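Asks: Each chain is listed here by its residues.
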Amino acid sequence: DVKVTQSSRYLVKRTGEKVFLECVQDMDHENMFWYRQDPGLGLRLIYFSYDVKMKEKGDIPEGYSVSREKKERFSLILESASTNQTSMYLCASSYVTGELFFGEGSRLTVL
Amino acid sequence: GENVEQHPSTLSVQEGDSAVIKCTYSDSASNYFPWYKQELGKGPQLIIDIRSNVGEKKDQRIAVTLNKTAKHFSLHITETQPEDSAVYFCAASPISGGYNKLIFGAGTRLAVHP
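Heads up: the sequence lines are chains A and B, in that order. Each residue of the first sequence is one higher than the last, beginning at 1 in the numbering used here. Each residue of the second sequence is one higher than the last, beginning at 1 in the numbering used here.
Simulated from the structure, these hints should not be mistaken for lab results. The structure displayed is predicted, hence computed values, not measured ones. Treat the hints with caution; some may be incorrect.
The list that follows gives simulated cross-link-like pairs (lysine to any residue, SDA-like), each with its CA atoms no further than 20 Å apart [stated by the list, open to error]:
id: 1; chain 1: B; residue 1: Lys101; chain 2: A; residue 2: Ser67
id: 2; chain 1: B; residue 1: Lys37; chain 2: B; residue 2: Lys57
id: 3; chain 1: B; residue 1: Lys42; chain 2: A; residue 2: Met88
id: 4; chain 1: B; residue 1: Lys37; chain 2: A; residue 2: Asp38
Please construct the entire structure, taking both the sequences and the accompanying hints into account.
Replies: Structure below.
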């Protein structure tokens with residue numbers, strides 16, 4: 001069974017803290033994605049990666065960075081968390097073209 | 001860039017009724033239109049998709065229709081059941097560079113009442 005695992009389901013951080021969200025997929029997918037989900041705004045792409053050490057900005061990359069050192073792992077980094085980054089974060093993976101497989105999400109609250 | 005609008009934002013139906021969710025898109029280059037279902041506490045999951053060379057596609061109780069001229073596509077669920085209750089997202093993809101990059105609608109929260 002395909003699996004995308006996000007390391008933390010719930011996180012509470014303080015403004016200014018550095019935050020790491022980890023994602024691992026076991027399907028040998030080339031593509032990995034980080035989305036942000038907010039009510040009424042749907043899913044918005046933050047960053048995606050099409051290969052190890054390769055990344056491209058999505059629609060809302062400001063305030064975020066990513067790291068992909070291994071094919072199966074894609075990390076989202078908030079260098080200095082702010083309250084407007086309180087949200088649900090979804091990781092996904094896919095083959096070059098095709099279905100996105102999502103993790104269960106990481107709900108981040110920044111106080 | 002692409003923009004996808006989805007309506008309604010909430011939909012309440014009685015079990016056994018049909019439900020229809022509609023989406024419009026702006027980029028005529030889009031040629032891939034998937035629908036994702038997100039159950040409570042889970043990530044979205046693909047339930048059906050359609051490509052621009054097809055006008056309609058069915059899978060048991062769900063169907064999707066596409067009108068490329070009008071740039072809209074719709075999800076139809078017949079004989080709804082309580083387990084259909086979820087948030088549904090449409091998306092459109094102007095595939096370029098070999099990488100899929102979907103633009104999602106805002107979502108529709110469907111409630112099916114027994």
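Asks: Next, verify each hint and record whether it holds.
Replies: Here is what the structure says about each hint:
A hinted pair counts as satisfied when its Cα atoms are at most 20 Å apart, and Lys101(B) with Ser67(A) qualifies at roughly 19 Å. Distance restraint check for Lys37(B) and Lys57(B): the Cα-Cα separation of roughly 17 Å lies within the 20 Å cut-off, and the hinted pair is therefore satisfied. A hinted pair counts as satisfied when its Cα atoms are at most 20 Å apart, and Lys42(B) with Met88(A) qualifies at roughly 11 Å. Note on Lys37(B) and Asp38(A): the hinted pairing holds, with a Cα-Cα distance of about 16 Å set against a maximum of 20 Å.
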